[in-house]
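**Q** Residue numbers (this note's numbering), protein chains in the order written: chain G, 146 to 395; chain E, 443 to 749.
It is possible that some hints are incorrect.
To be verified - Listed next, with one range per pair, are the computed distances between beta-carbon atoms:
| no. | chain 1 | residue 1 | chain 2 | residue 2 | range |
| --- | --- | --- | --- | --- | --- |
| 1 | E | K584 | G | F152 | 27 to 37 Å |
| 2 | G | P331 | E | I638 | 21 to 31 Å |
| 3 | G | K190 | E | I638 | 18 to 28 Å |
| 4 | G | P331 | E | N452 | 54 to 64 Å |
| 5 | G | G191 | E | S739 | 25 to 35 Å |
| 6 | E | G559 | G | S320 | 49 to 59 Å |
| 7 | G | N270 | E | E471 | 31 to 41 Å |
| 8 | G | G228 | E | I640 | 47 to 57 Å |
| 9 | G | S249 | E | E688 | 49 to 59 Å |
| 10 | E | K644 | G | P173 | 35 to 45 Å |
| 11 | E | N524 | G | A375 | 13 to 23 Å |
| 12 | G | R302 | E | N524 | 43 to 53 Å |
| 13 | E | G729 | G | E163 | 13 to 23 Å |
Unchecked claim - Taking beta-carbon pairs under 10 Å as the criterion, some of the chain G residues facing chain E (in silico):
| no. | residue |
| --- | --- |
| 14 | K188 |
| 15 | I285 |
| 16 | A287 |
| 17 | R354 |
| 18 | T366 |
| 19 | V370 |
Said to hold, decoys possible - Heads up, simulated DSS-like pairs for lysine-lysine below, C-alpha to C-alpha not over 30 Å straight-line:
| no. | chain 1 | residue 1 | chain 2 | residue 2 |
| --- | --- | --- | --- | --- |
| 20 | G | K190 | E | K617 |
| 21 | E | K675 | G | K368 |
| 22 | E | K641 | G | K368 |
Treat the hints as calculated values from the structure; they're not laboratory data. None of these values were measured; they are calculated from a predicted model. We put the beta carbon where it would ideally sit given N, CA and C, even for glycine.
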Amino acid sequence: MEFFQEFCAVISHSNLTETIHDIWVHSPKAAAAALPGQFVNIKVKGFFLRRPISICEVSSDALRLVFEERGEGTKALGGIMPGDGLDVLGPLGNRGFSTDKYESAILVGGGIGTPPLKFCRNSLNKSAAVLGFRNEAQVIMAGEFANVQVCTDDGSRGHHGNIKKPLEKFLKTGSYEAVFACGPKPMLRAVVALAEKYNVPVEISLEERMACGVGACLGCTCKTVVGNTASYPRVCKDGPVFDGKAAVLC
Amino acid sequence: MLSTTFLGVNFKNPIIAASGTYGYGREYESIIPLETLGGISVKGTTLLPRSGNKPPRIAETPSGMLNSVGLQNPGVDAFIKNDLPYLRSKDIAVIANISGNTPDEYAELARKLDIPGVDIIEVNISCPNIREGGKSFGADPKAAGAVTAAVKAAAGKPVMVKLTPNVTSIVEIAKAVEAAGADALSLINTLTAMRIDIKTKKPILGNNTGGLSGPAIFPVAVRMVYEASRAVKIPVCGMGGIETPEDAIEIMMAGAACVQIGAAIFRDAYAPKKIVDGLGEYCTENGLKNISEIVGSVKFNERDNQW
Ligand SMILES: Cc1cc2nc3c(=O)[nH]c(=O)nc-3n(C[C@H](O)[C@H](O)[C@H](O)COP(=O)(O)OP(=O)(O)OC[C@H]3O[C@@H](n4cnc5c(N)ncnc54)[C@H](O)[C@@H]3O)c2cc1C
Ligand SMILES: Cc1cc2nc3c(=O)[nH]c(=O)nc-3n(C[C@H](O)[C@H](O)[C@H](O)COP(=O)(O)O)c2cc1C
Ligand code: FES
Chain G
146 MEFFQEFCAV ISHSNLTETI HDIWVHSPKA AAAALPGQFV NIKVKGFFLR RPISICEVSS
206 DALRLVFEER GEGTKALGGI MPGDGLDVLG PLGNRGFSTD KYESAILVGG GIGTPPLKFC
266 RNSLNKSAAV LGFRNEAQVI MAGEFANVQV CTDDGSRGHH GNIKKPLEKF LKTGSYEAVF
326 ACGPKPMLRA VVALAEKYNV PVEISLEERM ACGVGACLGC TCKTVVGNTA SYPRVCKDGP
386 VFDGKAAVLC
Chain E
443 MLSTTFLGVN FKNPIIAASG TYGYGREYES IIPLETLGGI SVKGTTLLPR SGNKPPRIAE
503 TPSGMLNSVG LQNPGVDAFI KNDLPYLRSK DIAVIANISG NTPDEYAELA RKLDIPGVDI
563 IEVNISCPNI REGGKSFGAD PKAAGAVTAA VKAAAGKPVM VKLTPNVTSI VEIAKAVEAA
623 GADALSLINT LTAMRIDIKT KKPILGNNTG GLSGPAIFPV AVRMVYEASR AVKIPVCGMG
683 GIETPEDAIE IMMAGAACVQ IGAAIFRDAY APKKIVDGLG EYCTENGLKN ISEIVGSVKF
743 NERDNQW
């Protein structure tokens, strides 16, 4: 795994919603090395630990990062302006989405889990997307995917309800080789169950609190079970994408 | 200018990666070559593999972090087979950090690690994360001495005992460990700490409590290194919150012959290299032949109640 710690200039900053920010940072080395599903660990002024953020997509010399204000760190990060410098460690994660293995996939995103799927879309020949949000005001990036079905909990846009029915519809077509998902754990559980029902490989991106982000501290381990064997891999280095059937989502 | 001999082992500089923060040496290679460092203390090793504590294992605090990793590691045999050969291939002093539940376990670990490639045994009597073992040894002079004696009797390598700051008198423990035969001390390990999520009323860490490290603990480390190094004749390796060359110089002045860098690397992966470079510059600027000239050079204020 080759990664860099670079001081990058922020190229642009826009808001997708009041609290979701969309930035491009100039980072030629990381952009050239990045793969779908990988993330960067960002230093935020005034905070001790870096914040892990998925790589949404790349250009030849820049990374796009989309993040939501969740706590104090991401709130502070939201104040970043074009021209500011950002200390970026990455690209991180030895295992991303297997866009090299499959030609086609159904991409399932829940809320702020949507951004990294854009990188998958760019790398696949064919994809469909099922994106779930609380309500219309929270919908992000829907126009950036192919064959997209938006779902909202309150029915204010697209399918009324969670991602299950639209996902099942795409699975039934039998024309996608895999499912790639990123979002809250309850959603991931539902996605894995459906993919298993249709016997389609499923890969999910996990989140855990991190310190190093590179595999050195064992702060971020999750649990996987294959057969009778439990393992405790590091989300940062051994993931962040895991086989949905092996990951223990508790 | 920076090379130093510690416990008979040559360190090209006195900067060492702290146990648990640098894995087994591979992870940061793409940022700074491992050989930039004088030494590495590897992740705490136990006789059998351990899966560690349940997540979350990391919490943040101003100027530092808490961890409750709980000594997750593949066990000593896997370390010897899979990780030691890599470390051996590098020009760096290797410190094996060991943890056990009984003095016998510690001794068994020291015996297994009496092999080429391991330069020093660091005995973690202080890990605050494990319910059994760890904590009780480091907080009790008798137990600390018993573990030290058991390891010394079994080890073919120099033995450095790593002290916990979670004690009333660090001097008492330091003396007990020295009397039991330790060749050196290292300190400090993390301070037991806790954070609560006020929305859920639940502790952030899955283990409820964890160990505080980072700049927040630096002044505590300086004080304890000072007290311990004055109380014993054996050399002391200092650590706790060191982030800059100035911090390293400060703890060396307090009495540390060498310095371990832990959590700082999480914030700035270049930190160890910057510290090594900074120490070199400090020597040049101050006309020192060797950085060891500053060890223990603090000039303590006279205590005078009559001022
Ligand atoms: C691999 C990975 C990729 C991610 N990608 C994105 C992304 O593309 N966009 C986005 O908006 N968010 C993403 N996240 C989540 C994001 O890292 C957290 O929302 C953020 O760290 C919260 O920081 P804070 O200071 O605002 O919150 P606080 O709660 O104040 O943070 C306190 C500490 O907990 C950590 N923390 C809190 N919540 C999380 C979480 N959900 N995951 C990991 N650490 C957490 C923080 O990093 C910090 O160390 C990702 C997380 C991981 C692990
Ligand atoms: C994530 C993490 C894991 C650690 N694991 C160990 C360990 O296995 N054995 C040990 O002796 N100390 C361990 N420590 C303690 C450090 O080696 C060091 O003593 C402590 O963190 C203080 O130094 P620092 O503030 O520079 O990090 C760990 C610390 C951290 C942050
Ligand atoms: S965050 Fe350190 S091992 Fe994953």
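**Q** Does each hint hold? Answer for all of them.
**A** Here is what the structure says about each hint:
1. E:K584 to G:F152: 27 to 37 Å: At roughly 52 Å between Cβ atoms, G:F152 and E:K584 fall outside 27 to 37 Å, so the hint is violated.
2. G:P331 to E:I638: 21 to 31 Å: With a Cβ separation near 25 Å, G:P331 and E:I638 satisfy 21 to 31 Å, so the hint holds.
3. G:K190 to E:I638: 18 to 28 Å: 25 Å, holds
4. G:P331 to E:N452: 54 to 64 Å: 56 Å, holds
5. G:G191 to E:S739: 25 to 35 Å: 34 Å, holds
6. E:G559 to G:S320: 49 to 59 Å: Since the Cβ atoms of E:G559 and G:S320 sit about 55 Å apart, the hinted range of 49 to 59 Å holds.
7. G:N270 to E:E471: 31 to 41 Å: Since the Cβ atoms of G:N270 and E:E471 sit about 35 Å apart, the hinted range of 31 to 41 Å holds.
8. G:G228 to E:I640: 47 to 57 Å: 36 Å, violated
9. G:S249 to E:E688: 49 to 59 Å: 56 Å, holds
10. E:K644 to G:P173: 35 to 45 Å: Distance hint for E:K644, G:P173 holds at roughly 43 Å.
11. E:N524 to G:A375: 13 to 23 Å: 19 Å, holds
12. G:R302 to E:N524: 43 to 53 Å: Taking Cβ atoms as reference, G:R302 and E:N524 lie about 51 Å apart, which means the hint holds.
13. E:G729 to G:E163: 13 to 23 Å: Hint violated: Cβ distance 59 Å, outside 13 to 23 Å.
14. K188: 7 Å, holds
15. I285: 25 Å, violated
16. A287: 30 Å, violated
17. R354: 4 Å, holds
18. T366: It holds, given that the least Cβ distance between G:T366 and chain E is near 6 Å, below 10 Å.
19. V370: Given a least distance of 12 Å, the restraint on G:V370 is violated.
20. G:K190 to E:K617: 42 Å, violated
21. E:K675 to G:K368: 46 Å, violated
22. E:K641 to G:K368: 26 Å, holds
Of the numbered hints given earlier, the model fails hints 1, 8, 13, 15, 16, 19, 20 and 21; all others are met.
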